[in-house]
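Asks: Those sequence lines, one after another, are chains A and B.
Heads up: the first sequence runs through residues 3 to 440, numbered per the numbering used here.
Heads up: the second sequence runs through residues 3 to 295, numbered per the numbering used here.
Bear in mind the hints are in silico, worked out from the structure with no lab data behind them.
A portion of the hints provided could be inaccurate.
As the list claims (entries may be wrong) - Straight-line alpha carbon distances no greater than 25 Å define the calculated SDA-like cross-link-like pairs of lysine to any residue that follow:
| id | chain 1 | residue 1 | chain 2 | residue 2 |
| --- | --- | --- | --- | --- |
| 1 | A | K155 | A | P171 |
| 2 | A | K413 | B | W149 |
| 3 | A | K284 | B | V137 |
| 4 | A | K179 | B | R143 |
| 5 | A | K280 | B | G136 |
| 6 | A | K280 | A | E361 |
| 7 | A | K178 | A | Y295 |
| 8 | A | K284 | A | G259 |
| 9 | A | K178 | A | K110 |
| 10 | A | K246 | A | W287 |
| 11 | A | K160 | B | R140 |
| 12 | A | K319 | A | E165 |
| 13 | A | K168 | A | K381 |
| 14 | A | K160 | B | L135 |
| 15 | A | K318 | A | Y64 |
| 16 | A | K246 | B | M130 |
| 17 | A | K65 | A | A53 |
| 18 | A | K110 | A | R80 |
| 19 | A | K179 | B | I284 |
| 20 | A | K244 | B | G136 |
| 21 | A | K46 | A | E322 |
| 22 | A | K244 | B | V147 |
| 23 | A | K160 | B | M130 |
| 24 | A | K284 | B | S134 |
| 25 | A | K246 | B | G240 |
| 26 | A | K413 | B | G240 |
| 27 | A | K246 | B | N144 |
| 28 | A | K65 | B | L260 |
| 29 | A | K246 | B | G136 |
| 30 | A | K244 | B | W56 |
| 31 | A | K65 | B | G240 |
| 32 | A | K110 | A | E29 |
| 33 | A | K178 | B | R143 |
| 34 | A | K413 | B | E68 |
| 35 | A | K178 | A | E241 |
| 36 | A | K284 | B | G136 |
| 37 | A | K179 | B | L135 |
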Amino acid sequence: MIRRPISFTALLASTLVLASPAYAVTEIQWWHAMTGGNNEVVVKLAEEFNASQSEYKVVPAYKGSYPDTMNAGIAAFRAGNAPHIMQVFEVGTATMMSATGAVKPVYKLMEEAGEKFDAKNYLPAITGYYSTSKGEMLSFPFNSSSMVMWINKDALKKADIAEIPKTWPEVFEDAKKLKAAGYATCGFSTAWVTWANLEQLSSWHNLPLASKANGLDGFDTVLEFNGPLQIKHLETLIELQKDKTYDYSGRTNSSEGRFTSGECPIFLTSSGFFGQVKGAAKFDWTNAPMPYYPDVAGAPQNSIIGGASLWVMGGKKPEEYKGVAKFLTFLSDTDRQVAIHKASGYLPITKAAYAKAKEQGFYKDQPYLETPLLELTNKEPTENSRGLRLGNMVQLRDIWAEEIESALAGKKTAKQALDTAVQRGNAMLRQFERTVSK
Amino acid sequence: MQKQSVFRSPLLPFLLLTPQVAVVLLFFYWPAAQAVWQSFLLQDAFGLSTTFIWFENYSELLTQPEYYDAVVRTFVFSAAIASSSLSFALLLAVMADKPLRGAGLYRTLLIWPYAVAPAVAGVLWIFMLHPSLGVLARGLRNLGVDWNPQLNGNHAVTLIVLAAAWKQISYNFLFFLAGLQAIPKSVLEAAAIDGARPMRRFWTVTFPLLTPTIFFLIVVNIVYAFFDTFGIIDAMTGGGPAKATETLVYKVYLDGLLGGNLGSSAAQSVMLMVIVVALTAIQFRYVERKVTY
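Same shape as in the complex, but just chain A (with noise of 0.2 Å):
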């Protein structure tokens, strides 16, 4: 009976040798939420920067899905342990912004720490949604996406469909020809039924998704989706959902896997996705920008983007912080963000890595790699179309959802969903702005 007391005491006191740090260099926490090759990356980068010099180690830590890491991230918080940076999806931007003293602004940083640092060198689109209207940056952008348009291209050619659709009437009536095609179980479909739907459907037409500018400019904003545009367009899907030329595929990416398998011919989702449809995709596909109604004036707008971007808590030491911010000045390294780009399919975060890409004729051979960029810059973006800063955006998310749920089900009008939807986000906007304003 004593071993296992032994057996422990040993197991306990190397534990403690292994963890006890090195005391030469500072560490840097950063946790993430990247799988698969995108966990590798991440590692990678984290590996080189340590390679690269001696005072600091970036110590990288998977946490998750985005909501988990975001999570974990404000637990360790009010625990007083958080990492020094924290990777936070695109929607959890307010409440991170929100929380003054939980963060530490980026443009912030790089000046106190004294690190070369113009936000102008970033592509614009990009970091137009991590920056407050004067231009200072807040986060860091490490992942970007916008949502495209995948399709199958040996499908349209069964379906004998020449081109590649560019609006909405052509997406509908070529989903209708793939249907009597054989693809009878699903025309077309969309994965992140809000974000495609309502977010970037209204960016993408310069229309606003809620008032001042879509929440940049303040917490007191209201939604405004339930206009003539977006309410045509639910009632486009619902009648198309009758007999399946449009099935619904959830609210997150979970069902996105009809695309690879054949399933959905035309699947609308985050450009993302390249990695997977590169490995499952047993056919001939490509991408295209996201469809539009032609009769909009001014349409196609700018589209506005997904993905993460690299928060730096609050509350750290100096040298850490000098630390933190040498590693960002890292990552922004040109060849270092053309190699990102390559290796994971994200966006460039820079724009000279955007030229540098474009100059080694890298979209020639992949061209569904620009289409998001492409989309972006497509226009100077207006108010509409800067980005969106909504508080609680996830709970906001599901509850629109629900509404294009029972619209799809049948339950509802179009213009009774979308305006409860409205209603009910408005509802716990207020709540938001409650908690942020002392």
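Using the hints, position chain B against chain A.
Replies: Same frame as chain A, but now just chain B:
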């Protein structure tokens, strides 16, 4: 023979009780008190700004029609899960109780699902019944049933009830089997000699003698349906479509962890605690009268 133990020191019994009391205080009363305190606050996710707002979280909750929907939904859910898993487990136990060749193997196989984690069980059922991935879903479609739990709320509820009941059957089975084996064979034999047929023997002899087990299992199953179905719901439907599978516990998670609305979430936990306490009290007060020990 002495039936009561006598402590020489008056301190010793308290000392012996201390660990138990400490554990209960630390892991039940302390968090419960925290939940009550939190439910009076309005706080942002990071805990940077806190306002004391008395019962506002509760009053807000009680004016939401969605909250009442969730309460009703949870009760319907629990009734469906408890009744289906109890009746099916009883049927299986009665059959496995018969002298069979290889009974040990059957019993082991029947107990197996209990070892499966809720989230894993959820994924397992998704693989069978996902509208486009599932094997069974395809079969249903071929039969002309438009099986679509992603949009059809009733389908989604069926899916969750199936998975949740399936997981609980093993546990119920185990207790039923033990209960059945505790019934003296002589009683049943006597009934058989009196000419009672198997069905009559079951309802007049076996069933009444099983009532203590059944009562215990009803309480356990309702608590299970209230709380432990979380993993299954999270893995299978995420509360959707259109709230069709959003039970009270899932709502606590959605509002508190995903929505960062800790005050409301805490108020909901307190309400949930009250509901379950009331439910258990009712069971012991009224249902227990029908139990013969």
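Asks: The structure should be examined with respect to each hint, and the outcome stated for every one.
Replies: Status of each hint after checking the structure:
A hinted pair counts as satisfied when its Cα atoms are at most 25 Å apart, and K155 (chain A) with P171 (chain A) qualifies at roughly 19 Å. Restraint check: the Cα-Cα separation between K413 (chain A) and W149 (chain B) comes to about 17 Å, which is no more than 25 Å; the hinted pair holds. Only pairs whose Cα atoms come within 25 Å are accepted, and K284 (chain A) paired with V137 (chain B) is accepted, the gap being roughly 21 Å. Taken as a hint, the K179 (chain A) and R143 (chain B) pair is honoured in the structure, with Cα atoms around 22 Å apart against an allowance of 25 Å.
Distance hint between K280 (chain A) and G136 (chain B) is fulfilled; the C-alpha atoms sit about 24 Å from each other, no more than 25 Å. With a CA separation close to 23 Å, the supplied pair K280 (chain A) and E361 (chain A) stays within the 25 Å bound. For the suggested pair K178 (chain A) and Y295 (chain A), the alpha carbons sit about 18 Å apart, so the restraint of at most 25 Å is met. Between K284 (chain A) and G259 (chain A) the CA atoms are separated by roughly 12 Å; this keeps the pair inside 25 Å, and the hint holds.
Straight-line distance between C-alpha atoms of K178 (chain A) and K110 (chain A) comes to about 53 Å, which puts the hinted pair past the 25 Å bound. Note on K246 (chain A) and W287 (chain A): the hinted pairing holds, with a Cα-Cα distance of about 22 Å set against a maximum of 25 Å. As the CA atoms of K160 (chain A) and R140 (chain B) are separated by approximately 24 Å, the hinted pair is consistent with the 25 Å bound. Restraint check: the Cα-Cα separation between K319 (chain A) and E165 (chain A) comes to about 58 Å, which exceeds 25 Å; the hinted pair is violated.
Between the alpha carbons of K168 (chain A) and K381 (chain A) the distance comes to roughly 17 Å, so the proposed pair stays at or under 25 Å and holds. Annotation: proposed proximity of K160 (chain A) to L135 (chain B) holds, straight-line Cα distance about 23 Å (limit 25 Å). With a C-alpha separation of about 21 Å, the suggested pairing of K318 (chain A) with Y64 (chain A) holds against the 25 Å cut-off. Distance check on the hinted pair: K246 (chain A) and M130 (chain B) sit about 21 Å apart at the alpha-carbon level, within 25 Å; holds.
Taking the CA atoms of K65 (chain A) and A53 (chain A), the gap is about 24 Å. The hint holds against a cut of 25 Å. For the hint pairing K110 (chain A) with R80 (chain A), the CA-to-CA distance comes to about 23 Å; that is within 25 Å, so the pair holds. With a C-alpha separation of about 60 Å, the suggested pairing of K179 (chain A) with I284 (chain B) is violated against the 25 Å cut-off. At roughly 21 Å between alpha-carbon atoms, K244 (chain A) and G136 (chain B) fall within 25 Å of each other, so this suggested pair holds.
Taking the CA atoms of K46 (chain A) and E322 (chain A), the gap is about 21 Å. The hint holds against a cut of 25 Å. For the proposed pair K244 (chain A) and V147 (chain B), the alpha carbon gap of about 14 Å is at most 25 Å, so the pair holds. Taken as a hint, the K160 (chain A) and M130 (chain B) pair is broken in the structure, with Cα atoms around 30 Å apart against an allowance of 25 Å. The hinted pair formed by K284 (chain A) and S134 (chain B) meets the criterion: a straight-line CA distance of about 18 Å does not exceed 25 Å.
A threshold of 25 Å between alpha carbons decides the hint, and for K246 (chain A) with G240 (chain B) the separation of about 23 Å falls inside it, so the pair holds. The straight-line distance between the Cα atoms of K413 (chain A) and G240 (chain B) is roughly 20 Å, inside the 25 Å bound, and the hint therefore holds. Simply put, K246 (chain A) and N144 (chain B) have alpha-carbon atoms about 16 Å apart, close enough for the 25 Å limit, and the pair holds. Distance hint between K65 (chain A) and L260 (chain B) is fulfilled; the C-alpha atoms sit about 15 Å from each other, no more than 25 Å.
As the CA atoms of K246 (chain A) and G136 (chain B) are separated by approximately 18 Å, the hinted pair is consistent with the 25 Å bound. As the CA atoms of K244 (chain A) and W56 (chain B) are separated by approximately 48 Å, the hinted pair breaks the 25 Å bound. Using a Cα cut-off of 25 Å, the hinted pair K65 (chain A) and G240 (chain B) holds, with the two alpha carbons roughly 20 Å apart. Restraint check for K110 (chain A) and E29 (chain A): the C-alpha separation of about 21 Å stays at or below 25 Å, so the hint holds.
At most 25 Å may separate the alpha-carbon atoms for a hinted pair to count; K178 (chain A) and R143 (chain B) meet this at roughly 20 Å. At most 25 Å may separate the alpha-carbon atoms for a hinted pair to count; K413 (chain A) and E68 (chain B) meet this at roughly 16 Å. Between the alpha carbons of K178 (chain A) and E241 (chain A) the distance comes to roughly 12 Å, so the proposed pair stays at or under 25 Å and holds. Taking the CA atoms of K284 (chain A) and G136 (chain B), the gap is near 20 Å; set against the 25 Å cutoff, the hint holds.
Restraint check for K179 (chain A) and L135 (chain B): the C-alpha separation of about 24 Å stays at or below 25 Å, so the hint holds.
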